[in-house]
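Asker: Chains as they are written, first to last, in the working numbering: chain A, 1 to 751; chain B, 752 to 1502.
Please note that a few of the clues may not be correct.
Computed beta-carbon distance windows for the label pairs [unchecked claim]:
hint : chain 1 : residue 1 : chain 2 : residue 2 : range
1    : B       : Arg1064   : A       : Ser365    : 26 to 34 Å
2    : A       : Ser508    : B       : His897    : 54 to 62 Å
3    : A       : Glu546    : B       : Glu1263   : 38 to 46 Å
4    : A       : Gln441    : B       : Lys1387   : 47 to 55 Å
Don't read these hints as lab results, they were simulated from the structure. For every residue, glycine included, the Cβ atom is placed at its ideal position computed from N, Cα and C.
There are 2 protein chains.
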Amino acid sequence: MNPDISRERENASFNPEILTNILDGGAEKTRRRREIESLVIGDPDFQHEDLNFLSRSERYDAAVRKSAQMILKLREYGISDPEEIYSYKSCVHRGRPEPLDLHLGMFLPTLLNQSSPAQLEAFFMPAWNLEIIGTYAQTEMGHGTHIRGLETTATYDPSTQEFVLNSPTISSIKWWPGGLGKTSNHAVVLAQLYTQGKCHGLHAFITPIRCMKTHMPLPGVVVGDIGPKFGFDEVDNGYLKLENVRIPRENMLMKYAKVEPDGTYVKPPSDKLTYGTMVFIRSMIVGESARALSKSCTIAIRYSAVRHQSELRPGEAEPQILDYQTQQYKLFPLLAAAYAFHFVGQYMSKTYHRISGDINQGVFSELPELHALSAGLKAFTTWVANAGIEVCRMSCGGHGYSRCSSLPDIYVTFTPTCTYEGENTVMMLQTARYLVKSYKQARAGQQLTGIVSYLNEPQSRIQPHSVSSRPTVVNINDLASLVEAYKFRAAKLVEMAAKNLQAELQHSRSNEDAWNNSSIDLVRASDAHCHYVVVKLFAAKLSEIEDTAVHSVLSTLALLYALHGVAQNSGDFLQAGLLSVPQLAQISQRLKGLLSELRPNAVPLVDAFDYRDEMLNSALGRYDGNVYEHMFEWAKRSPLNHTEVHESHHKYLKPLRSKLIMDTVCDHQSQVTVPYEFSRRLNGLISKCHCHQTARGLLLLDLACLKNRPQVSVIKSIPINMNRLTTVASITAASSIYKPTPRKTLTKPSQ
Amino acid sequence: MNPDISRERENASFNPEILTNILDGGAEKTRRRREIESLVIGDPDFQHEDLNFLSRSERYDAAVRKSAQMILKLREYGISDPEEIYSYKSCVHRGRPEPLDLHLGMFLPTLLNQSSPAQLEAFFMPAWNLEIIGTYAQTEMGHGTHIRGLETTATYDPSTQEFVLNSPTISSIKWWPGGLGKTSNHAVVLAQLYTQGKCHGLHAFITPIRCMKTHMPLPGVVVGDIGPKFGFDEVDNGYLKLENVRIPRENMLMKYAKVEPDGTYVKPPSDKLTYGTMVFIRSMIVGESARALSKSCTIAIRYSAVRHQSELRPGEAEPQILDYQTQQYKLFPLLAAAYAFHFVGQYMSKTYHRISGDINQGVFSELPELHALSAGLKAFTTWVANAGIEVCRMSCGGHGYSRCSSLPDIYVTFTPTCTYEGENTVMMLQTARYLVKSYKQARAGQQLTGIVSYLNEPQSRIQPHSVSSRPTVVNINDLASLVEAYKFRAAKLVEMAAKNLQAELQHSRSNEDAWNNSSIDLVRASDAHCHYVVVKLFAAKLSEIEDTAVHSVLSTLALLYALHGVAQNSGDFLQAGLLSVPQLAQISQRLKGLLSELRPNAVPLVDAFDYRDEMLNSALGRYDGNVYEHMFEWAKRSPLNHTEVHESHHKYLKPLRSKLIMDTVCDHQSQVTVPYEFSRRLNGLISKCHCHQTARGLLLLDLACLKNRPQVSVIKSIPINMNRLTTVASITAASSIYKPTPRKTLTKPSQ
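Chain A on its own, in the form it takes in the complex (with noise of 0.2 Å):
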C-alpha cells in the first residue's frame, strides 16, 4: 500500500462504509452485490486479455465469449433479481455493453409486450434459447430523433398473405441497432406498413435475416457492421438493407394493430406503455452519469493523491497534487456531482416504480411530469457527466491519456449516452414544453402539483430588482436558501423564455417557427429547471442520513455543489436580484473554504463508491495507489512489445538508410540549395559553399565556412531557424543545412 494513500484513509472524518450502504440502498445490498462481484470476478471463464491490446474483432469475439457463459451461469444460479443481474452484467462485461444488449434487452421484451399469443407461441421460446438472435432496428441512416420520417416500407400483399419490405432509399437504410451487423438472425424492424393501398404509419415486423442453419444473410436482405466507432469496440452495431424480403402476415407484431388476411388494417387501442418504458430508460441513464462520474473521481482523486509534482514551499518535497487549489477545484465539484446525480437517480428510480404502479392500473397522472423530467435530467447529468469524465482524465496529466487509465474508455462509452435515448438538446425542449404549459397554467390560475408548483409562488419576488436596492435573498451559507435560490433562477428563466416565445408568436409564420426562434431560452430554462431540482434532491437526501459524521460530510458536499452551481452561473443569479455583487466576491472565498474542508475526506469519499481495482482497470485509480508498478507492468504486456524489433525497421528503415547514404555520397555533384528564409539572413553565403569530399566533409565544412565569417551574428541565429524550421514542420531541420536537388546521377565520389 502506497503510504500517501494510507494516509488519506487514516484521516478520514467519516466511515466510508456507512456512506457505501446508503448508495447501495442498504448494507445488505452492498453485501449482496460483492458476493456476486466475487462470484464473477473468480470466475475463470470470464478472465479476459486487457481489452485494450486485442483488435476490435477479438473484442467482439472475447464480448461474445462472455455473453453466452453469461446467460448460461445466470440461469444455472437462478440469479434473477434485476439489480442483481445488473450486477453480475456489470462485473462482465466490466461496465462495457455487450453484442447481445439488444437480443435481451430490447429483442425478447418487444416479443412480450407487443405479440399475440400465437406469435409468442411461435417465436418467444426460440428467442430465450437464442436459436433466435434479435435486435431492434428502428433508426435509420437518414431518421434518428425523428422517428414518424422513417421510411422502410411494408406493404401487406394480400395474395400470398405476406408483408413486403423495402428499404426505398439509401437515408432508409436501418444503421446503428447494437447486434445487427453479425450477431442477430432476427430483427424487429419498424416500418410504415401499407394495406390496401394506404399507409398506416409505423408498425413493427418480426424479420429474419440470416438463416438459421448457416448465419448467412438470407435472400434480399443486405447486412454488415457499420465499422469502428469511438468506443463501443464491442458491438456490432450493424445495418440493414432489405430489398422485397417477404415475411409471413404473421410476422406483424399483432398484439395491438392487426392486419386482417384480406388487408384490412385493424387500429390498436392508444398505447401509454412504451411511453413509460422511455421514461424508465432515461431515469435509469441519470444512474448511469453518476457512476461515469463517480469512477473517473475515484481515479483521478487517487491519483492525484499519490501523484508528487513541483513545489509548493521551497525546499521541501514535492507536494501531492491533490493539494493544489486548482486541481481540487477541478475535483471537488465533480465529485459532488457524482453524490448529486446517484441521489437524484435513486429518486427517480423509486419514483418510476412508485409510478408504475398506478400505470398499471391505467391512472397516467403523474406520468407528463416524470416524463418531463427524466428527459431534462437525463440531458443536465449526462451533460456535466461527458465534461466531468475529461477534466478528471486532463486533471492527471500526461497519464490521463494512457489507455491504463481508463479514462479514455470511460469517455468513450459514456459519451453516446448524450445522443441516444434522445438527443440531449431535443429532451431539454421536451422538457420546456412541459415548463412553458405549466406556467401557462399557472398564469391561467391553475394549482400546480408536483415539482413544478414553485411557478405558481408570487412572480413579484422574482421580478428583477436593482441589486443595490433591495434586500439580499441568499444566505451563501445555508443549503436551504440557496435551494430557494435556484427555484426563483428556473422560475425567471422559465418566465422569460415563455414571455420570449409568446413575443416570437406575434411575428412567426407559425408556432413551430416561434417556437424554434426561441429555443435557446427554453433550453436554457430547462437547463435551470433541472439544476434546482438536483440540489434539491441532494439536499432532501441529508434529511435521510442519520450517521453524524457521513451527514456532515455530505452537506459540505452538497453546499459545494450548490455554490460552485452559483459561481459559474452568477450572471443568472445576479440578473435575478437574486444575489449581490459583494456577495459573488464572499461566495468565491466560501468555496475556496469547502475546498480545504474537503481535502482530508477526498480519498475516503470516493472510496465510498467502492469500485473494485477490477471494475476501474485503471493503473491510476488503484485502491493501494501503486502506480507506476503497475503502469510498467502493463506497458509490457503491449502488443508492440511483442517483438523487440517491429517489422517496419527491416522493411522500411534499413532500405531508407542505405539510400540516404548512398545518395549523401554522390550529391557532391549536385547544387547545394538551402530554405529561403535561411538564405536571405546569410545573403549568398552559402553560394560559396561548393561540394567537398564527402557529404559528411561538405556539411561541415558549410558550417565551419560560416564560423569562419566575420557575420557571428549569423551563426548564432541557425538554432533559432532550427527550431522553428523543425517545429513548424515537425520535420527535419537539417534540411536548412544541407540540400541537394535534384539528384541526377548516382555515381562513386571522386577522391
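We have chain A; now place chain B onto it with these hints.
Answerer: This is chain B only, laid out in the frame that chain A set:
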C-alpha cells in the same frame, strides 16, 4: 453534388476564395499549398487503407512507411521552405503525429543547437541519414511539469572517461517520448549530472539504446512501447530504463556546459535560446487550435446543411438541421472562435518572428510578454477547441460517433495539446504571474508597454458600480466598445486576483502557499486577459480586410464571438459594472439576430478553410454533401465485414443454443422460480404452475394459466415488469417468466 449544399453555396454573400487567401496569407501561398497537396494526394506511394480499419501495429507500420517515403521525396523535390514542408507532411500523415516526429523535430535540432563542433561531426550526418534515429527523452513516469525533479542520473567516471546512466527508481523511468518505443536507436537523455561528488543539475546526453546493426536493445537498456493511448496510434511513445549504461564523455552535449576529462565541471553561459523555442512551440499550438476547430466546424456545418430532421412546419418537408436555432447556437460561436484563433495564431507567429530577430541580437526585452502571452493563449485556445470539437461531434447526432465522421480522430489527435508543451492550468498560472507582476509595476507608477498597458489605465473606471446608478459603458453593437469591456473585465479580474494574493500573504506560511491559495482567482484573471487579447486581435484583423463582402461577414463573426463571450461570462461583466441587467436581455436577442445573419454564409465560411476531402477524411464533411452513400461504402469495407459469418458464431453461439435447448427440454422436472418483483405481484399464483409436457408448453401454460385467473390486471403488468427487468439489467427479460434452478440432471423428456 447534393442539391442542399449547392444551394448553400449559391447563397453566399462573399467569395470564399478571397477569404481562403487571407487565411493562407496571400493568393500565392494558397496556390502553392494546393500544389503541394495535389503532389502528395496524387502520389501512389502515400496511398493507404483507411487507418480506422487497421490494428495499431499496422498503423505504426503504415506511418513508418510513409515517413520513409516522405523523407526521400522532400529531398528529391527540394522542398525546404518550412511552411511547404508543413503542408507536405500534414498531407502525408493527414495531420496525425508520426514515429519520426521526435527524430526530425527534436533530436536533430538538439544536436544542431547543443553540440560542440566535434559532436556535430560525429553525430549529425549519421542522424541526417537515419543511421542514427533519435528521440528526446525528458519526461519520466513520475515527472512531467517540474523538470528539475527528474531523477535519471549521469555520473561521471574519470577512470574510464565515461558517464554511467541510471534510472534509480521506478518513477525515474523515461516515459512518453515519441519514437522511443520501437523506432529509435539513440535518445538525448535528460539526466542529473554528477561529477566529483556533486550534482550539477540537468544536462543532455546522447545515449545509444539499440544496436545500430540488429536494432536490439543494448545491455542495461530496457526499452519498449508504453501501450495504447487515447489516439496517437501511429506513434510508439516509449519507456526507457537505464541500468548502469556507460557512454563516452563525448556524448554529453557540450556546446555550453562541459565536463573535462578529469571530471571538472564547466558552467554554461546563460542561455535564453531554449526559452525562445518554448515560446515558439506554444505559439504554434494556437494555430493548431484553429485548425482542429475549423476542421470540426467544416464537418458539422456541412453535415447540418444536408441532414434533415423533424418538423419545423407541419406538413412541410423536414428542415435542414442547420435551420434549428439551437444547432446554430452550438456551431456558429465555434466557427467564430475558429476564425478568431486563426488570426491570433497568425499574430503570434508574426510577433515571434519579429522578436526572434531581436533575440538573435541578444535583445530579450519583448520575450517575457510574448512568453506570458503564448502560455496563456496556448491554454485558452486549446481548452476552447478541445471542448468545441466535442460539441461539433455531438451536433452530428449518432453519426458523429462513427469513425467515418473523422470527429473522434480529430478529438483524440488534438486533446493532448491541453497537456503537452505545458499543462494548461500551469500555463494559465505562468501568465498570471506576469499579469500580477505587471499590475504591481503599474501600481508603483511604472508605465507598462505592450498588451498589458491597460493595467495603467485609471482604476476608477473599473470599480464596481451599482448597476442601476451609472451610465452604461458598453455599446453592444459596437465591436470597439466590446473590446473595451473585455479589457476592463480583465483589468478588474487581475486586480481582484492581485488583491486576494496580497491578502493571502498576510496569513500564509510562505509566498508559495499564498500563491496556491489564490490560484483559482489567478487562473480566472489569465483567462479574462486571454479572452481580451483574442477579441482585440480579431477586431484588429478586420481593419486589414479590403474586400467589403468578406469584411462584412467577418465583422458579423467577430461581433458574435464577442457577444457570445459576454453572455457566457455575464456574471463578470455585471460584477464589474460594465453591463446593466436590461442589456443582458438585449444581448440574448442580438445573438439570435447574428445567428440568423450568419446562417446563409455558414457553408461558404467553412468552405473558405479549404480542406480537401482527402484531408478531412470525413463522410459527413464531404464537399459534395453526399454523406449517406459514402458512409455506406465505408462501412462495407469495415474489417468485420470481410467475412459474412464471424467465427464467434460457430465458437460460442451455436454451442450455447444447443445447450440451452437441451436444458429447457429437461427442465420440466425442476422447480419454477420467478424474480422477487414478479412473484411478489403474483402472490403465489406461479406455484400452481407446475411442469408440463415440454418447456415451450410450460412457458405458454404459465402465461395461459395466469390469463385464466381473475387478476387480469396482473397480466397487464407483465410488460412493464419485463421492461423494468430487461432494461435495468439489459438482460433477459424472460427470466421473470421462466427460470429453472438449479439444474439437476440432463435426461430426455418423457412424452
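Asker: Now tell me if each hint is right for this structure.
Answerer: Going down the list of hints, with the structure as the test:
1. The supplied range of 26 to 34 Å is met by Arg1064 (chain B) and Ser365 (chain A), whose beta-carbon atoms lie about 32 Å from each other.
2. A C-beta distance of roughly 59 Å is found between Ser508 (chain A) and His897 (chain B), which places it inside the suggested range of 54 to 62 Å.
3. Separated by about 42 Å at the C-beta atoms, Glu546 (chain A) and Glu1263 (chain B) satisfy the suggested range of 38 to 46 Å.
4. A C-beta distance of roughly 53 Å is found between Gln441 (chain A) and Lys1387 (chain B), which places it inside the suggested range of 47 to 55 Å.
Checked against the numbered hints above, the structure violates none of them.
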